[in-house]
Each structure stands twice: as structure tokens, then as C-alpha cells.
Amino acid sequence: MQPDRVAVVLRPRVGWEALDLGFQMAREWWRPIWAVWFALYLPVATLCLYAFPNRFHAILVLWWLKPVFDRAVLHTVSRAVFGEPQGVRATLRAVREWLPPGIVMALTFSRLNLARSFVLPVAQLERQRGSAARKRNAALGSRMRNVGVWLTVVCSNLEWVTLFGLGALVQMLEPAAGDPGPDDESPDGSFWGHFAQWGLKEACFYIAAVSLVEPFYVTAGFALYLNRRAILEGWDIELALRRLEERLRASSGRIAAVLVLAVAAGFAMSGTQPAFALDDTAKSAHDEIRKVLASPEFSQHKEVTRWYYTGKSKEETKPTELPAFWRALSLLFAKGAEVFLWIAVVLLVAIALYYLSKFRPEPRLRNAPAYRPPDALFGFDLAPESLPDDVAGTAKQLARAGRLREALSLLYRGALSSLVQRHHLPFDPGDTEGDCTLAVRMKLPASADYFSRLVGTWQAMAYAARRPDADSVERLCDEWRPHFSPAATT
Amino acid sequence: MLDTARRIATPEGIELTLRLAGPVPRALAWGIDLLIRGVILGFIAYTAAALKQSGMAIILLSAFLIEWLYPAWFEATRGATPGKRAIGLIVLNDDGTPVRWPAAMTRNLLRAADFLPTMYLAGFVAMVMNRDFKRLGDLAANTLVVYREQKLVPLAIPKAEPRAPGFALSITEQRAILDFAARSPGLTPERAEELAEIPQTLTKGTAPGKAAARLIGIANYLMGRT
Numbered sequence: 001m002q003p004d005r006v007a008v009v010l011r012p013r014v015g016w017e018a019l020d021l022g023f024q025m026a027r028e029w030w031r032p033i034w035a036v037w038f039a040l041y042l043p044v045a046t047l048c049l050y051a052f053p054n055r056f057h058a059i060l061v062l063w064w065l066k067p068v069f070d071r072a073v074l075h076t077v078s079r080a081v082f083g084e085p086q087g088v089r090a091t092l093r094a095v096r097e098w099l100p101p102g103i104v105m106a107l108t109f110s111r112l113n114l115a116r117s118f119v120l121p122v123a124q125l126e127r128q129r130g131s132a133a134r135k136r137n138a139a140l141g142s143r144m145r146n147v148g149v150w151l152t153v154v155c156s157n158l159e160w161v162t163l164f165g166l167g168a169l170v171q172m173l174e175p176a177a178g179d180p181g182p183d184d185e186s187p188d189g190s191f192w193g194h195f196a197q198w199g200l201k202e203a204c205f206y207i208a209a210v211s212l213v214e215p216f217y218v219t220a221g222f223a224l225y226l227n228r229r230a231i232l233e234g235w236d237i238e239l240a241l242r243r244l245e246e247r248l249r250a251s252s253g254r255i256a257a258v259l260v261l262a263v264a265a266g267f268a269m270s271g272t273q274p275a276f277a278l279d280d281t282a283k284s285a286h287d288e289i290r291k292v293l294a295s296p297e298f299s300q301h302k303e304v305t306r307w308y309y310t311g312k313s314k315e316e317t318k319p320t321e322l323p324a325f326w327r328a329l330s331l332l333f334a335k336g337a338e339v340f341l342w343i344a345v346v347l348l349v350a351i352a353l354y355y356l357s358k359f360r361p362e363p364r365l366r367n368a369p370a371y372r373p374p375d376a377l378f379g380f381d382l383a384p385e386s387l388p389d390d391v392a393g394t395a396k397q398l399a400r401a402g403r404l405r406e407a408l409s410l411l412y413r414g415a416l417s418s419l420v421q422r423h424h425l426p427f428d429p430g431d432t433e434g435d436c437t438l439a440v441r442m443k444l445p446a447s448a449d450y451f452s453r454l455v456g457t458w459q460a461m462a463y464a465a466r467r468p469d470a471d472s473v474e475r476l477c478d479e480w481r482p483h484f485s486p487a488a489t490t
Numbered sequence: 001m002l003d004t005a006r007r008i009a010t011p012e013g014i015e016l017t018l019r020l021a022g023p024v025p026r027a028l029a030w031g032i033d034l035l036i037r038g039v040i041l042g043f044i045a046y047t048a049a050a051l052k053q054s055g056m057a058i059i060l061l062s063a064f065l066i067e068w069l070y071p072a073w074f075e076a077t078r079g080a081t082p083g084k085r086a087i088g089l090i091v092l093n094d095d096g097t098p099v100r101w102p103a104a105m106t107r108n109l110l111r112a113a114d115f116l117p118t119m120y121l122a123g124f125v126a127m128v129m130n131r132d133f134k135r136l137g138d139l140a141a142n143t144l145v146v147y148r149e150q151k152l153v154p155l156a157i158p159k160a161e162p163r164a165p166g167f168a169l170s171i172t173e174q175r176a177i178l179d180f181a182a183r184s185p186g187l188t189p190e191r192a193e194e195l196a197e198i199p200q201t202l203t204k205g206t207a208p209g210k211a212a213a214r215l216i217g218i219a220n221y222l223m224g225r226t
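For the protein sequence lines, the chains are A and B, in the order given. Residue numbering for the first sequence is 1 to 490, as defined by my numbering. Residue numbering for the second sequence is 1 to 226, as defined by my numbering.
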């Protein structure tokens with residue numbers, strides 16, 4: 001093993017850190033590692049499930065055979081660490097290299113070794129056997145074996161965690177139909193008890209769990225081994241010393257070169273004027289200064305984003321050509337979308353028009369007869385002929401005579417008649433007193449107060465039988481004239 | 001080069017190396033914490049059982065508080081739960097600063113996500129897929145679990161006659177020689193000699209088999225021994 005070709009950073013790590021390095025290795029080279037794992041494990045697992053009708057036996061055999069698969073993973077990862085990554089095919093072809101060394105021990109006496117993945121490299125990579133292997137393991141494991149044991153403990157627990165986790169996940173996601181009914185429920189009625197029956201599903205969970213955890217277990221054990229060897233044999237020191245030697249050699253070479261150059265330059269410069277040299281140093285100093293000022297310590301970078309008009313874009317990016325079928329399909333989609341959009345636009349316009357027409361005031365019909373003031377309102381005859389010439393005077397006489405009702409009605413009738421005939425207020429036969437007052441307030445604000453008082457008095461008497469006093473009626477008569485008499489100017 | 005360390009630069013321009021902790025030590029730390037929590041809860045249950053009905057309330061409440069606050073409180077105030085401390089781990093923010101309550105609460109409340117579907121399967125999968133060994137709670141809280149810096153102990157360099165190296169050596173090069181000297185007693189003599197012969201420029205002119213002694217002499221010189 002040559003430390004300078006190792007693709008991981010070697011430094012004396014504490015045991016746990018070495019395991020972490022193994023997890024990083026598996027993450028880094030996951031592709032070849034799991035490829036080789038599945039290439040071996042899945043066929044064997046299928047075969048076992050097929051060969052043993054009792055799933056539990058199949059699982060037991062698979063568990064027992066773990067060291068075989070471990071070796072393929074270790075072969076792959078060790079090659080990758082020492083800078084010769086190998087693909088699945090190369091690994092499978094090199095089966096004679098990684099499978100035989102110590103496999104019998106691994107499957108028998110060493111199968112229950114608690115630091116299994118830590119001692120595996122000694123057998124497989126160093127090919128130590130018998131008492132030599134035991135000695136080697138003792139030397140390597142003098143401080144780190146307990147870490148390897150803990151690794152085994154944690155990884156076997158992780159395997160169970162994954163197994164139950166997958167089971168629980170599937171049970172969570174399974175529709176209710178897959179729920180075991182009360183009849184076929186396991187003795188203790190729980191998921192865990194159900195597991196003891198080892199159905200095909202559970203066997204698959206086991207295979208998945210082992211596939212997830214076992215490669216990590218192998219790489220972590222290998223990393224622990226690597227770390228131990230690096231400490232014992234000073235691999236990191238070797239690398240550092242090599243680097244030191246390289247540097248010293250290079251620099252001593254440089255010193256010699258500089259000496260030669262200086263001597264040569266001394267000879268060459270002996271006849272020239274020193275001014276040149278000075279000039280030269282000034283220039284070089286200038287360059288030096290510029291270089292220093294350009295370094296990141298003396299500069300301040302600010303990122304500013306602005307928009308500039310850079311003229312029309314010269315070249316439009318060519319759309320990537322799609323196969324004809326997909327182009328046709330996308331065109332079809334585009335057309336469909338376009339048609340859909342147009343339909344949507346038309347619908348929107350139609351809806352808008354409908355609402356507009358609904359809320360627009362009723363248009364006046366073209367051939368509608370010209371407005372004719374109504375002849376009567378509230379049962380009053382409004383024809384001017386029916387009124388006396390001097391409405392106010394007549395009303396006052398009536399009021400004086402105590403016929404307040406007639407006086408008021410005359411005033412009211414006269415006022416309405418005047419509004420309709422002279423001011424052309426568009427009263428409709430169906431308007432109420434309130435409507436009339438409102439119309440007056442809009443069209444003749446000057447008369448509005450008087451008119452509303454008149455209407456109020458009239459309403460009070462006509463509908464509520466509240467007789468006003470004669471004075472107020474007379475006052476109404478007096479004030480009537482400037483507002484509504486034909487002679488009055490408005 | 002694959003490594004388990006993560007280098008971060010402080011605003012002052014100092015480079016710190018954080019040694020990230022992976023699934024195995026963290027699982028063990030969790031196991032120790034589980035044990036401690038179990039003992040505490042067992043003690044509470046044992047004493048509260050005398051109170052019948054209200055004792056049950058006390059047990060449930062303290063179970064809730066211990067489950068959710070025990071890790072967060074220790075991480076926010078001490079940087080590590082007792083389990084992590086026992087393994088030698090500490091929780092830090094991504095930038096190397098100690099965690100405070102918000103981050104500690106976030107990463108511990110997110111245990112619920114890491115726990116899914118059972119027994120922290122999601123957390124394990126997230127951890128092994130992540131360069132920094134972050135579980136989901138760490139990803140959400142921007143925290144790291146790293147190894148606590150060990151106390152620096154002076155290098156135990158065997159005494160020898162100091163010798164000047166004869167070359168100007170950089171800090172890392174000096175460090176390499178000091179490391180060699182400090183670790184040479186643990187190496188086999190052959191291996192030590194083999195290593196010492198690598199920097200020929202430094203050990204030139206030594207008798208065969210004396211290269212290691214020469215390097216140790218240089219180390220003594222570098223230590224400032226006279």
C-alpha cells in the first residue's frame with residue numbers, strides 16, 4: 001500500500017472519527033459500492049427466497065452469508081481509496097482475488113466475531129492466516145477493537161431500525177384493505193408480533209435493510225483499520241516528510257540556479273551604468289506596488305446590477321429541435337391552448353356585455369310619444385283651466401272663511417300645476433309626494449323649502465287630519481305667489 | 001481528498017477545522033441520553049406513584065418535559081447533552097458558533113421528523129446522505145455535531161542532542177518532524193528508520209540506522225531545547 005496514492009485525508013483520528021470516514025467513503029463511492037452489492041446480493045437473496053419455503057430459513061442463510069458480500073464491498077472500496085476505482089464487472093471478475101482468503105474461517109469461527117468488519121481487511125487485503133492473523137489483529141486492535149465492536153452493535157441496531165421503519169412505513173401508507181383482519185392477526189396482535197411469521201414482505205424489508213446498512217458497516221470497519229494502520233505505521237508522517245523532501249530538493253536546486261545567475265549577472269553588469277539598474281528597480285518596484293494593490297486585501301468589490309440597453313439582440317437562440325412526434329404533439333397542445341384562450345376571451349366579453357346591459361338605464365324608445373305632463377296627480381286635476389286665475393288670492397279668501405282644507409288643496413294643486421306646466425318637471429302619474437319634493441329640490445332649489453312646507457302641511461291635514469292654524473295657511477298663501485304664480489319670475 | 005473535517009473561516013480570517021461526527025458516535029450518545037432520561041423518569045415515576053391519580057399527571061408532565069426539553073436545554077446552555085459529552089461531541093452552528101435556544105429548540109423539535117417512520121430511520125438516511133452528517137433537525141436549524149476539541153497536550157518528544165536542520169522549515173514541515181519524533185516510540189524501529197530516511201536532504205551524512213535519531217535531534221532543536 002502506498003500512502004501517497006490514498007484518496008482520503010490521513011491523520012491520526014480517534015476511533016469514532018475513523019468510522020465517520022468510512023461513512024464518507026461509502027457516500028463518496030456509493031455508485032460502485034452499491035452496484036456491486038446489489039449485483040451479488042439480489043440474485044442470491046432471490047435464490048434463497050425461492051429455495052427455502054420458510055422465509056425465516058432464507059433470511060438465516062442470507063444473514064450467515066453476509067461475509068461473502070462484505071468482501072466484494074471491501075474490494076471495491078479499498079481499490080477506490082488507493083486510487084484505482086473498479087467497476088462492478090472488474091470486481092466480479094476478480095472474485096478469486098477477494099473471495100478465497102480466509103473465507104472458511106469467516107463463515108465458521110469468525111462469523112460471530114464482534115469486530116467482524118474491522119478484522120476483515122487483515123484476512124482479505126493482507127491475507128494473514130492462522131496465528132499470524134491473530135497476532136496482527138491483536139496488534140491492530142489493541143486500542144481500536146472496542147470501536148469496531150461498537151460499530152457492529154450500532155449497525156445491527158440500525159439494521160433492525162431500518163427493518164421496522166420500512167415495515168411501519170408500508171403499514172402507514174397501505175390502504176385499509178391491506179390491514180390484517182382480526183382473524184389473521186398474530187398472537188400478540190401487534191406489528192412486531194406479526195413480524196415473527198416472516199412473510200415475503202418482511203423478507204423483502206430485511207433484504208432492503210441489510211442492503212442499506214451493510215456497505216456502511218464494511219466501509220466503516222475498513223476506515224477504522226486504515227486509521228489504525230496509518231497511526232501505527234505513520235502514514236501521515238510519511239506523506240508530510242515526502243512533501244518536505246520534495247520542497248527541499250526543489251529549493252536547493254533553485255538556490256544553485258540563483259547563484260549561477262547572480263554570478264553571471266555580476267559579470268555582465270560590470271560595464272554598465274548603475275542608473276539603468278536604478279531605473280529598472282524603480283520600474284519593477286512600481287510593478288510590485290501595482291501587484292500588491294491589485295491583491296484582494298487592498299481592493300473593495302461591490303456588486304452592482306443595472307440594466308443597459310445593448311441594442312437589439314443579434315441572434316435569437318435557436319429552439320432545440322424536437323422529434324417530429326413531440327413537435328406535433330406540442331403544436332397540438334399549443335393550438336388547443338390558443339383555441340381555449342380565444343373561447344375564454346369571447347366568454348369574458350359576452351359576460352361583460354351582459355352585465356353592462358343589465359345595469360345600464362333603460363334606453364328611451366325612439367318612437368316613444370313626447371312627454372305629456374299628467375293631467376292629474378294624487379287625484380288632483382292639474383289642468384290650468386281648472387284653476388282660478390289668482391290661486392293665492394282665492395286660497396286666502398278660503399282660508400279666511402275657515403275652509404283651510406280647500407285653501408291648502410288649492411295652493412297645492414296650483415303649485416303642482418305650475419311645476420308641471422311652467423317648469424316642466426317630469427312628474428309621472430305614479431310619483432308620490434316625496435318624489436315631487438325631491439324633484440323640486442333638484443330642479444328649483446329656491447322653491448324647495450316652501451314646497452316641502454306646503455306638502456308637509458297638506459299631508460298632515462289630508463292624511464293625519466291635523467288641522468294647521470289659519471295663520472300658517474295664510475302665510476303659505478302669501479308666500480305662494482313669488483314661487484308659483486304665472487307672473488312670478490323664477 | 002475525502003475527509004471528515006469541515007473548514008470554516010471566521011470573519012477575522014482565521015480558519016477553523018470542525019471534525020464532523022457521524023451516525024455511530026451520535027447513535028451511542030443518543031443511547032446514553034436515553035438511558036439517563038429513563039433513569040430520571042423512572043425515579044420520578046417511583047416517587048410520584050405514591051400520589052395515585054395526581055401522581056400520574058406528574059409522571060406524564062415530566063415525561064413530556066424531559067423528552068422535549070432535556071436535549072434542548074443541555075445543548076443551549078452546555079453545548080452538548082450528557083450523552084454527547086460522554087462521547088466527546090458538541091453541537092455548533094454552521095459557522096462554528098455555539099448554539100443558542102432557537103437553534104437548539106428547532107433541531108430537537110424536528111426530532112419528530114427524524115423519528116419517522118420509526119426509530120429515527122429518516123434521521124439516519126438523511127445523515128448518511130449528507131456531506132456534513134446532518135439529520136433533518138440539523139438541516140432545519142443549521143447546526144453541526146462535531147467532536148469537541150481535545151485539550152492540547154505538549155508533544156512528548158524523546159530527549160536528544162539538539163541539531164540545527166540547516167534549512168529554513170515552514171510551520172507544517174516543522175510540525176511533520178515534531179510529529180515524527182513524538183510518535184516514533186510507537187513505531188517499530190525499522191519503520192521509524194524507513195520514515196526518517198525519506199527526507200534525505202535533512203538526514204544526509206548520517207550513519208546507516210541513525211536517520212531517526214537525527215530527525216529526533218532536529219525536533220529537539222525545533223522545540224528550543226539546548
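Calculated from the structure, these hints are not laboratory results. A portion of the hints provided could be inaccurate.
As a list, the in silico SDA-like pairs of lysine to any residue whose alpha-carbon atoms are at most 20 Å apart [as the list claims (entries may be wrong)]:
| # | chain 1 | residue 1 | chain 2 | residue 2 |
| --- | --- | --- | --- | --- |
| 1 | B | Lys151 | A | Gly15 |
| 2 | B | Lys210 | A | Gly15 |
| 3 | B | Lys204 | A | Tyr50 |
| 4 | A | Lys135 | B | Lys151 |
| 5 | A | Lys135 | B | Gly186 |
Predicted model, so just to flag it, every value in this text is computed and none were measured.
Please flag the earlier hints that this structure goes against, numbers listed from lowest up. Numbers 2, 3 and 4 - these are the hints that the structure violates, sorted from lowest upward.
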